[in-house]
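Q: For reference, the chains in residue letters:
4 protein chains.
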Amino acid sequence: MTNQRKIRMAMVGGGRGSFIGRIHRMGATLDGEIELVSGAFSSDPETSRESGEDIYLGQDRVYGNFEELLEAEARLGPDDRPDFVSIVTPNDSHFPIARAALERGFHVMCDKPLTKDMKEAIALREMVRSSGLLFGLTHTYLGYPMVTQARRILASGRFGPIRKVFVEYPQGWLSVPGKRKGRNLLWKLDPERTGAGGAITDIGTHAHNLVEYVTGRHITQVCAELTTFTNAGIQDDDAAALIRLSGGANGTLVSSRICAGEINPLRIRVYGETGGIEWAQMAPNELIVRSLDAPAQTLQAGTNAEGLDPEILAMFRTPAGHPEGYIEAFANLYLQFAEAIRRFDENGARLEGSSVASIDDGVRGMAFVDAMLESANNGGSWTDIAFAED
Amino acid sequence: MTNQRKIRMAMVGGGRGSFIGRIHRMGATLDGEIELVSGAFSSDPETSRESGEDIYLGQDRVYGNFEELLEAEARLGPDDRPDFVSIVTPNDSHFPIARAALERGFHVMCDKPLTKDMKEAIALREMVRSSGLLFGLTHTYLGYPMVTQARRILASGRFGPIRKVFVEYPQGWLSVPGKRKGRNLLWKLDPERTGAGGAITDIGTHAHNLVEYVTGRHITQVCAELTTFTNAGIQDDDAAALIRLSGGANGTLVSSRICAGEINPLRIRVYGETGGIEWAQMAPNELIVRSLDAPAQTLQAGTNAEGLDPEILAMFRTPAGHPEGYIEAFANLYLQFAEAIRRFDENGARLEGSSVASIDDGVRGMAFVDAMLESANNGGSWTDIAFAED
Amino acid sequence: MTNQRKIRMAMVGGGRGSFIGRIHRMGATLDGEIELVSGAFSSDPETSRESGEDIYLGQDRVYGNFEELLEAEARLGPDDRPDFVSIVTPNDSHFPIARAALERGFHVMCDKPLTKDMKEAIALREMVRSSGLLFGLTHTYLGYPMVTQARRILASGRFGPIRKVFVEYPQGWLSVPGKRKGRNLLWKLDPERTGAGGAITDIGTHAHNLVEYVTGRHITQVCAELTTFTNAGIQDDDAAALIRLSGGANGTLVSSRICAGEINPLRIRVYGETGGIEWAQMAPNELIVRSLDAPAQTLQAGTNAEGLDPEILAMFRTPAGHPEGYIEAFANLYLQFAEAIRRFDENGARLEGSSVASIDDGVRGMAFVDAMLESANNGGSWTDIAFAED
Amino acid sequence: MTNQRKIRMAMVGGGRGSFIGRIHRMGATLDGEIELVSGAFSSDPETSRESGEDIYLGQDRVYGNFEELLEAEARLGPDDRPDFVSIVTPNDSHFPIARAALERGFHVMCDKPLTKDMKEAIALREMVRSSGLLFGLTHTYLGYPMVTQARRILASGRFGPIRKVFVEYPQGWLSVPGKRKGRNLLWKLDPERTGAGGAITDIGTHAHNLVEYVTGRHITQVCAELTTFTNAGIQDDDAAALIRLSGGANGTLVSSRICAGEINPLRIRVYGETGGIEWAQMAPNELIVRSLDAPAQTLQAGTNAEGLDPEILAMFRTPAGHPEGYIEAFANLYLQFAEAIRRFDENGARLEGSSVASIDDGVRGMAFVDAMLESANNGGSWTDIAFAED
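Residue numbers (the working numbering), protein chains in the order written: chain E, 1 to 390; chain X, 1 to 390; chain Y, 1 to 390; chain P, 1 to 390.
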């Protein structure tokens, strides 16, 4: 590891009052392979400055907005210049920031969903492609090792072709708006900030992405119902769909913010011909493996005697039976991104093989939202998802 | 209880090789309030005779077919005559047997689904109505006390109007036909015996019925996909639907026989505005109650300190914390049916207030199957369920 | 099965107000192989008569006390005479009733614990031995098929020699006496009825018995602490012990009535050199099997694909995934007892090979109680259990 | 927060091949309030140097042994000098390192158990007291917010006086030595490094500490059995004890490394007069609260609607329903230690009120080990734990 250096990260967003920015920072720096060197933490310069102070960042590397940051940091020499920009702002600003970062030659790690709308998504994809730079999307749940273990089991063919997928993400925090607001999440109810789609954009895209990653297939069609039970915003607060996947599988997808009393029970079950897997976000260190021929198994994180592939085993930081969680999932994504940057610098390699969602995944996520809205507007007809062949 | 006598039951079907007939008998007689007095256990007279012998029933009350049974038993005097006939044959014979039993003046308890098709269902409903007799359908899961407790919680208005329902019944035993056949269930793959619909008829009707009972609402529309993954029969072995309920709620319904590795995890979750319930058939003595304002509670069978209504508490036979199961669920239905017969004899009262499914429930179940088939055939369009207003 | 008849049972105890008597009746008759033909349901003749009426038993076979019953029924001819007597009275009357029944030539099935004290236990064992008759003790939990499956796994040697056993039975219903009384259980707090020992006699004997059955070994020594936290009686309401088993294993045993909020979570875990088992009474249809070399498995009742031995599979009455419970556990014991009686009548065979606890098991249970009391009185010294070599 | 700076940490131990050192570093730096400024990561200078390189630490602050580190770092000015030393070496070196660090005026955070033996423990306590410096012991599990929530519930008196405690820590990784070695843990089998006691020292002290923290009481007496099932070392690999607590409660304590197939299921249950709590390390974001008067509740991390105290709620970094784990538990301890240092610098305040274990806790832990060994050697007699009144 001699002569290797920490990868340098600049952050846009994530200032005082943001909860996800802090988590990105913890995840990015957990393994000591990435250091935060600069930031524009708010579009309000004073808030940005104070936010930098909060985290002991030198004021010379704290900026009043992302344009200033990118302009100044791009001029720094090779020993100081950030390797990548982490974008942790609301959806509507992902596009301009990512565009500007790529134009300055920075790799980009961006919070999900990709952009505010499909048009931006396609434009961004074009920019990423022409830039030749690395672009990662932080679909956090892909950072859980057991999710990749699930993907590997299904990909191994051990259970035959995939037939059935159930994915559900039934939150309850918006069931009575105002009652359980969460932290600084009000922008999530503002279509100006989120783009079209409410729950479907915010958490439905996680469900979509998780299905595609675990199965290795794309969702090609949806037959959807979107509902607005509350007056929290003009957007859907609940969505359900029948889904069809490439290769003949089908299933159901649920995402909701009005399942009163539920916290965050994202869950996926996938069945092949002779067995299947189940993973639940609230017990992320377990993976249930079912089989037609044998009792159900519960794989446990961190021990090779528990049926884990060596590559999965290597992802755990803690001794067997000691839980890792959400921050470690972020850390796994950032660590893989840092490693990709190192490989990129050596030989131009890409993100392939990592569990960091790509720009293509992001585009399909946006297309999924559009298809959900279209299907629901058309009374639940089967609707193609654009780019599902990508 | 003085001068009260046991209610007398005749059984049609349930001979050697039938598994459900034996369970009906155990359930019916468990509490000692019903006695089996006669039977036509098979359409093969020799099998019927041997089956009677197996259960120590006197040969004078064992018949070679249901016509003989009904004719002979109808002639018996008031101290011997059966009060009701229990029909535990494959679906296609429910109608003729029930019709004949009603014509002879017997109350009828019938295994689900109601009939082979909608036409028979409507005709049977007419006969039941004109007969003035009691007709019960053994949708077993309604016999679990915790299911009725769930219904009561939702009906109390404690959680506001119902918004969302998820019901799922993902079995796996037919995922590779021939591999895990179950016991004597091959007729369930024969459309001549089951009527239209495969999994949707066999277990989808349970899911439909459970939703309607627990919510106190009717499913009015479905948007369905039916799939045949195996060559087990010409029928669907998997179904999924978006559903809409009277009063504005909606949700999803899944029933499948190809979820490899799953055993029998029927599960229902219902959410109102401020909380909801979850019940799972494989842990039937628990009821999870979630709330926006308080931690989730796990109600336990059999103890009044655990939030159960006194009427529910009274349904349990065992001391708190000692499990009751499937046979006891049947017993609860039969016990209520026996009590209804006693009230009927006194004052003509009906099944109302019990958890035994009625002829109307049965008709709606058949209409549900038809709507699922129609919706799927029409590419997943929203399709009305007939009689949902009943 | 031709020419076979139902086994005939007389019952002593179990009248109005008794809860366990009703459960014995349901369990005994569930499979249709045993019929209740007579009873002395209470030592109060009027209550006994009314209790017989409650269950539709002809008054000619209902008696005012057990002496009358045994005398009269012993005179009946071979087509009417009971095969065995089921004793479901409080502990202090087990001995005189069992003695009288054996003297009249009846086999005996008796509720646990065996007797009021050790002296009675030894005397009863002598009587059973000299009578040549069958004597069974209803340690209910041995009736769960998964318990026998656990025993078979450990006996197979698959996990090497047994090293460690944890058994616990922490109830909470007596934590504040008077608050949650249960049903007609006050005699359980009266040393005149129960004999020495409170919780340790009532439920500690279940824990003792379960350990011995599952491991196939005897508990040879205890190092105990008994506590009386409440003024519910003069007896212990809580017990904990270090235990040693024959063959070198050791472990812990807990039984308590003051673990406030617990219902009935009897649980046993046993570990051999390379794996182990866990079974919990409140989820009796599951068996967790752990191994050093493989992920934990959850065996499910009722399906041969789930790792169950054929003999265990045959014990289930319901299709896979449909729960069986406490009454079925009783039924399994009574069914094995009825089969033993049939074999006895044919060839004098005994109870061996069944999961019905024997008179020897009962004696060891009483010796266990005595050793617990002695150890606790001696400040927790290691104390031998008498007859542990039997 | 203006003018506040990061707290500076020096580390002794935790070099290449150490797993716990890396976890301490991640935990200490997770929240960005502590920076690692120097280290002696190994007693082998070359390994120490390479280990510093691995984590991008400047070579001028990496030392060949702890003496060099303490000497050199003690001379640094107020802008560079470490605030505290984190000791993450095997047990036998805790004492000399801690002593030397205190002598140089550094606060100390030390991995558990406190020292190699009781003599060292008492001597170290004396040094800590006379130094006036802060000393924390990383009993990790106290860092889980739900553990403190459990402590608060019990301390509130809501459930009356504590009566019963069950704590268990049954690992299985050493059940067949050599088979599942874990990572670089061989020193844990070497009495020269660990001091007396095997499992009881390594994980039994965690169980002891958890009981005392959650109940707010001290374990005063034990009645123990220690067993060596394997030839892994000369030490015990399994321990069980009856325990007595101040104030009249009692219970059981289990710690083992030979429960084959178990991973790391540390679990505690505590019962008061009218209810109790249950917490399990493998599902650390849940807390089960049982009550005599109400259904069991499952409190969930991170949401104020779930019954958590505001102070507990504030400990979570992630949005409700997103798991935190072992590293976050460490981080909570280090964050509290950093805050204590800041308060100390302001007003000399101590660790009180935090969940960081103190030197007194550490001394009682060592006394517990000694009492366990003594009791077991004396054939299980009740043995006082020294300093239990402290």
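Some clues are possibly wrong.
Said to hold, decoys possible - With a straight-line cut-off of 20 Å between C-alpha atoms, the simulated EDC-like cross-links for lysine to aspartate or glutamate are: (1) Y:6 x X:53; (2) E:6 x P:50; (3) P:6 x E:60; (4) Y:119 x Y:192.
Hints listed in this document are in silico derivations from the structure and should not be mistaken for laboratory results.
Q: Does each hint fit the structure? Answer for all of them.
A: Structure-based check of each hint:
Proposed proximity of residue 6 (chain Y) and residue 53 (chain X) is supported: the alpha carbons are some 11 Å apart, at most 20 Å. Of the supplied pair hints, the one linking residue 6 (chain E) and residue 50 (chain P) holds, its CA atoms being roughly 16 Å apart against a limit of 20 Å. Of the pairs offered as hints, the one joining residue 6 (chain P) and residue 60 (chain E) holds, with about 18 Å between alpha carbons and a cut-off of 20 Å not exceeded. In summary, the hint linking residue 119 (chain Y) to residue 192 (chain Y) is supported, as the alpha carbons are separated by about 15 Å, within the 20 Å threshold.
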